[in-house]
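All residue numbers for the first sequence refer to our numbering, where the first residue is 6 and numbers rise by one.
It is worth saying that the hints were derived from the structure and are not from the lab. A few of these clues could be false.
[Stated by the list, open to error] With a Cα cut of at most 27 Å, we get these calculated DSS-like pairs of lysine-lysine:
1) LYS205 - LYS356
2) LYS387 - LYS468
3) LYS160 - LYS541
4) LYS371 - LYS356
5) LYS421 - LYS371
6) LYS421 - LYS361
7) LYS513 - LYS160
8) LYS395 - LYS421
9) LYS13 - LYS26
10) LYS356 - LYS203
11) LYS127 - LYS468
12) LYS421 - LYS387
13) LYS102 - LYS451
14) LYS339 - LYS366
15) LYS421 - LYS541
16) LYS205 - LYS339
17) LYS371 - LYS339
18) LYS421 - LYS366
[What the hints assert, rightly or not] Label pairs and their in silico Cβ distance ranges:
19) GLN734 - ASP550: 31 to 37 Å
20) PRO41 - GLY459: 57 to 63 Å
21) LEU457 - PRO217: 38 to 44 Å
By construction, the Cβ of each residue, glycine as well, lies at the ideal position given by its N, Cα and C atoms.
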Amino acid sequence: MTTPQLDKTYDPKTVESRWYKSWTERGYFHASTTHPGRPYSIVIPPPNVTGSLHVGHALNHSLQDILIRWRRMQGRNTLWLPGTDHAGIATQNVVEKQLMAEGSSRESLGRERFIERVWQWKATSGNTIVNQQKQLGESCDWDRLRFTMDEGLSKAVVEVFVRLFEDALIYRGERLINWCPRCLTALSDIEVEHEDIKGKLYSIEYALEQDPSTKLTVATTRPETMLGDTAVAVHPEDPRYNRFIGQRVRLPLTNRTIPIVGDAILVDREFGTGAVKITPAHDFNDFEAGERHSLNRIRILDMHANILNESELRLATKVEPEIAIALAGLPVQKARLRIEQLLSDHGALAKIEPHKMALGKCYRCKTVVEPYLSIQWFVKIKPLAEPAIKAVENGRIRIIPESWTNNYMGWMRDIKDWCISRQIWWGHQIPAWYCEPCNGGFLRSKHDNRPLIGLDANPIVAKSRPEKCPQCGGINLVQDPDVLDTWFSSGLWPFSTLGWPEQTPELKTYYPTSTLVTGLDILFFWVARMIMLGLKFMGDVPFRDVYIHALVRDAEGQKMSKSKGNVIDPLHVMDQFGTDALRFTLASMASPGRDIKLAEERIEGYRNFANKIWNAARFGLMYLEGPRAAKPPAERSFPDRWILSRLNHTIEIVTSELEAYRFDRASSVLYQFIWHEYCDWYLELIKPALQDPSHPDGPGTRQTLVETLETTMRLLHPFMPFITEEIWQTIPHQGDSIVIQAYPAPDRSRQASEAEQLFTLLEQTISLVRTGRVLLNYPPGQQIQFYVLHDDPSRQSQLRHLQPYVASLSRGTAELTEPTPSSATKLLRLVTEGLSVGIVVSGEVDLKKALDRIVKQQNEQEKEIGRLNGKLGNQEFVAKAPPEVIADHHSRLRSLRNDQAMLASSERQLRTLLGV
RNA sequence: GGGCGGAUAGCUCAGUUGGAAGAGCGCUGCCCUUACAAGGCAGAGGUCACAGGUUCGAUCCCUGUUCCGCCUACCA
6 MTTPQLDKTY DPKTVESRWY KSWTERGYFH ASTTHPGRPY SIVIPPPNVT
56 GSLHVGHALN HSLQDILIRW RRMQGRNTLW LPGTDHAGIA TQNVVEKQLM
106 AEGSSRESLG RERFIERVWQ WKATSGNTIV NQQKQLGESC DWDRLRFTMD
156 EGLSKAVVEV FVRLFEDALI YRGERLINWC PRCLTALSDI EVEHEDIKGK
206 LYSIEYALEQ DPSTKLTVAT TRPETMLGDT AVAVHPEDPR YNRFIGQRVR
256 LPLTNRTIPI VGDAILVDRE FGTGAVKITP AHDFNDFEAG ERHSLNRIRI
306 LDMHANILNE SELRLATKVE PEIAIALAGL PVQKARLRIE QLLSDHGALA
356 KIEPHKMALG KCYRCKTVVE PYLSIQWFVK IKPLAEPAIK AVENGRIRII
406 PESWTNNYMG WMRDIKDWCI SRQIWWGHQI PAWYCEPCNG GFLRSKHDNR
456 PLIGLDANPI VAKSRPEKCP QCGGINLVQD PDVLDTWFSS GLWPFSTLGW
506 PEQTPELKTY YPTSTLVTGL DILFFWVARM IMLGLKFMGD VPFRDVYIHA
556 LVRDAEGQKM SKSKGNVIDP LHVMDQFGTD ALRFTLASMA SPGRDIKLAE
606 ERIEGYRNFA NKIWNAARFG LMYLEGPRAA KPPAERSFPD RWILSRLNHT
656 IEIVTSELEA YRFDRASSVL YQFIWHEYCD WYLELIKPAL QDPSHPDGPG
706 TRQTLVETLE TTMRLLHPFM PFITEEIWQT IPHQGDSIVI QAYPAPDRSR
756 QASEAEQLFT LLEQTISLVR TGRVLLNYPP GQQIQFYVLH DDPSRQSQLR
806 HLQPYVASLS RGTAELTEPT PSSATKLLRL VTEGLSVGIV VSGEVDLKKA
856 LDRIVKQQNE QEKEIGRLNG KLGNQEFVAK APPEVIADHH SRLRSLRNDQ
906 AMLASSERQL RTLLGV
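Use the sequences and the hints to build the structure in full.
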């Protein structure tokens with residue numbers, strides 16, 4: 006038999022690509038509906054097709070791969086369905102930027118050619134992330150790769166839209182929506198990010214029409230919108246103002262008067278002046294107040310968030326001509342300053358105070374969003390939300406960690422209608438058509454030539470373009486130019502990817518999926534919508550468990566971002582430390598409810614772990630020659646019984662932690678077992694048995710060595726797929742690949758509590774001998790002589806049995822007979838358990854000398870500490886020295902004190918030993 | 001404004017029916033011992049944020065305070 010050779014250090018690069026190729030070629034990741042196992046399925050949160058793998062993906066995907074590989078090994082019928090998201094606005098922005106660099110633009114290309122261009126882009130660059138996922142070792146069923154704009158998925162989108170429309174759950178309406186003036190599209194409420202800023206609160210005086218000497222002072226953070234005011238509101242029970250209700254005020258800078266209305270909902274008497282201007286076209290509250298009081302909506306901003314041009318502005322607001330000239334076309338920010346000046350010039354500005362406020366920004370381009378009055382499509386959400394709340398309440402869906410359940414509930418109970426139309430080109434175009442003649446023809450947008458379809462137009466919603474108008478039979482049908490929110494299609498992901506609306510075997514087998522693994526940031530965007538739409542269209546929840554993991558931040562806890570330059574690139578890390586190291590790091594840090602602060606040193610640490618495993622395998626292979634005897638565990642040697650018992654324990658814990666989604670604890674148990682039990686103790690304990698060809702334990706131990714290593718590789722495989730496969734293939738094994746082997750299951754016959762107890766005694770003893778060795782400064786390589794005693798006679802006989810192990814692990818010789826303490830023999834006593842270890846001090850070790858050295862060292866440190874204390878106590882020095890010098894002194898002082906404490910403890914022990 | 005989470009070793013974090021404070025990294029000392037120096041052994045280091053309360057006993061349970069995150073919200 007020839008022993009296979011492994012290199013001294015583990016080189017991930019050569020190993021990883023080789024095995025991944027082999028796995029996919031042999032189709033291990035492909036799911037079959039005819040597989041006999043109980044289904045276990047996960048759909049991947051589809052990354053943006055524009056994306057490349059960042060560390061957040063790496064975490065998300067590593068955890069899913071651990072679950073999938075684990076369940077696959079358990080014999081389940083596993084499917085991990087991969088795919089990408091067309092990411093409407095994000096993708097459109099990417100391609101638009103490209104066009105801009107070429108001196109072209111979306112508008113000059115036109116809609117059709119632009120969309121072609123995006124598809125072209127997708128064909129060339131859209132696979133980047135998929136290839137990176139493979140590098141991470143993800144065991145996805147790549148044969149089932151889906152894209153949200155695939156034919157099948159688009160069919161599902163249309164089906165859902167039409168059915169929701171038929172159920173009157175989709176409607177078209179003119180509403181105030183969040184508008185991004187850069188992307189030129191509507192956004193849903195959750196696509197707006199809020200940021201606290203320091204703004205100003207302006208108090209403006211509006212004069213009463215009938216009595217101009219009486220002023221009503223209103224407070225606002227947005228004075229520029231005052232031109233669009235159509236009323237002023239006061240609280241109906243406010244004695245300061247309620248007598249004015251029904252009267253009118255003159256709107257400064259204009260030739261308009263507006264009514265004073267009473268509104269208890271809008272007005273908080275305590276805030277500001279107690280009077281509020283109402284601008285229904287530019288503020289969400291005011292919009293609703295406008296509805297209540299049947300007020301006009303005067304729009305003063307265009308789609309770019311600039312003030313209207315002069316003639317439009319004059320027409321809409323009746324503003325003074327010179328004011329119109331001064332303001333026309335200005336961006337809001339500039340308009341605000343301008344208005345401030347104008348109001349002040351006209352004596353209408355009472356005061357300006359600083360004021361904290363939240364500013365809404367577009368989640369894609371960070372542009373400040375504007376409330377904007379426009380016609381959009383909405384999903385009536387309450388009827389969908391109710392079953393989705395129940396599903397979590399009654400436990401059909403479990404959110405892990407549970408603490409997020411409240412968040413989910415709160416949001417779902419308070420949910421608002423979902424604006425689903427977007428004024429962009431890349432996405433699923435809304436399946437609604439309008440007969441142009443029946444609607445009297447449409448104007449076209451000057452900006453991008455889209456038809457401007459009024460609210461009174463009658464949409465024909467259908468799965469495909471209608472042949473002709475059902476009303477007039479005409480064929481001049483215009484499709485609604487808007488596309489659907491990206492999250493509309495991803496909301497169908499768990500069933501659209503399985504073939505819905507067709508009743509496919511996949512749908513039957515894998516829906517509902519088992520677990521959804523996702524970050525918190527898309528709980529509302531995505532998870533909530535999947536639950537609502539899954540319940541509506543499949544009649545069942547889309548998944549049983551939702552595991553929510555944390556955000557990955559940098560070592561300082563900052564959000565990683567390209568502009569900050571603190572991004573850890575997983576590809577770079579994989580290249581440097583190996584994929585397994587990265588995966589294990591992420592798993593080990595996935596504690597629930599806490600963000601992950603990732604530093605490269607951590608990954609380096611687990612790279613070392615991989616190397617440790619590698620060398621343990623090398624060690625095993627070195628000593629494999631010779632017979633192996635597969636005796637029952639109970640008949641094996643003490644170290645064998647012990648390690649098998651520990652292995653069994655580890656299997657139990659890893660399995661139960663995985664069931665609880667505690668990836669961190671599962672990793673830590675594996676780490677602990679492999680490094681500190683298997684390597685540090687077991688391999689050391691069995692060296693004598695392996696190195697002596699005639700040792701009676703040889704055959705049994707060789708068997709245990711292989712058995713334990715092989716089982717451990719299977720246990721670890723979901724976490725570190727590459728190194729485990731490489732090692733597993735090299736050691737004796739049965740089967741083609743570790744990927745499809747059974748996951749280790751606990752086995753009671755391996756439990757050996759007597760061996761574990763014995764081990765504890767052994768560990769204590771060896772630890773004592775080693776401590777004594779260091780304390781006495783025994784010369785390296787020199788054998789140490791010792792004897793061990795125990796007050797308890799039964800323990801004493803156990804110790805007799807352990808003597809050879811103690812001797813071997815502490816490079817010493819053991820006295821088996823009762824020692825006769827001579828002047829050269831000293832005793833260290835362990836207080837607990839009555840255990841004592843005696844060390845025979847040989848001539849070359851001079852205890853007095855050791856003590857002298859310690860005392861000398863201590864004195865020098867004492868002086869150094871004194872010096873530093875003096876310096877730091879010196880006010881002049883502290884005042885003059887740069888902070889880093891002071892900090893350095895402090896840290897030096899701290900470390901000196903640590904050393905001091907350590908030396909003192911050594912000194913104490915030595916003095917006891919010497920009896921001085 | 002409301003809600004949630006966190007505060008434990010120098011750093012990052014574990015720590016569930018309350019019962020003698022743990023890991024990794026870093027640090028100190030010794031050691032290139034035949035698997036591994038990406039290693040081994042030994043060690044130092046803690047008022048478990050603060051103040052009360054319950055208890056024989058609190059890092060853990062309760063109340064309050066401070067600081068830090070996150071989510072959410074229309075206070076103009």
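Quick rundown of the hints versus the structure:
| no. | hint | verdict |
| --- | --- | --- |
| 1 | LYS205 - LYS356 | holds (10 Å) |
| 2 | LYS387 - LYS468 | holds (25 Å) |
| 3 | LYS160 - LYS541 | holds (17 Å) |
| 4 | LYS371 - LYS356 | violated (31 Å) |
| 5 | LYS421 - LYS371 | holds (23 Å) |
| 6 | LYS421 - LYS361 | holds (26 Å) |
| 7 | LYS513 - LYS160 | holds (19 Å) |
| 8 | LYS395 - LYS421 | holds (18 Å) |
| 9 | LYS13 - LYS26 | holds (25 Å) |
| 10 | LYS356 - LYS203 | holds (16 Å) |
| 11 | LYS127 - LYS468 | holds (26 Å) |
| 12 | LYS421 - LYS387 | holds (8 Å) |
| 13 | LYS102 - LYS451 | holds (21 Å) |
| 14 | LYS339 - LYS366 | holds (18 Å) |
| 15 | LYS421 - LYS541 | holds (18 Å) |
| 16 | LYS205 - LYS339 | holds (14 Å) |
| 17 | LYS371 - LYS339 | holds (19 Å) |
| 18 | LYS421 - LYS366 | holds (19 Å) |
| 19 | GLN734 - ASP550: 31 to 37 Å | holds (33 Å) |
| 20 | PRO41 - GLY459: 57 to 63 Å | holds (59 Å) |
| 21 | LEU457 - PRO217: 38 to 44 Å | holds (42 Å) |
When the structure is compared with the earlier hints, a violation turns up for hint 4 alone.
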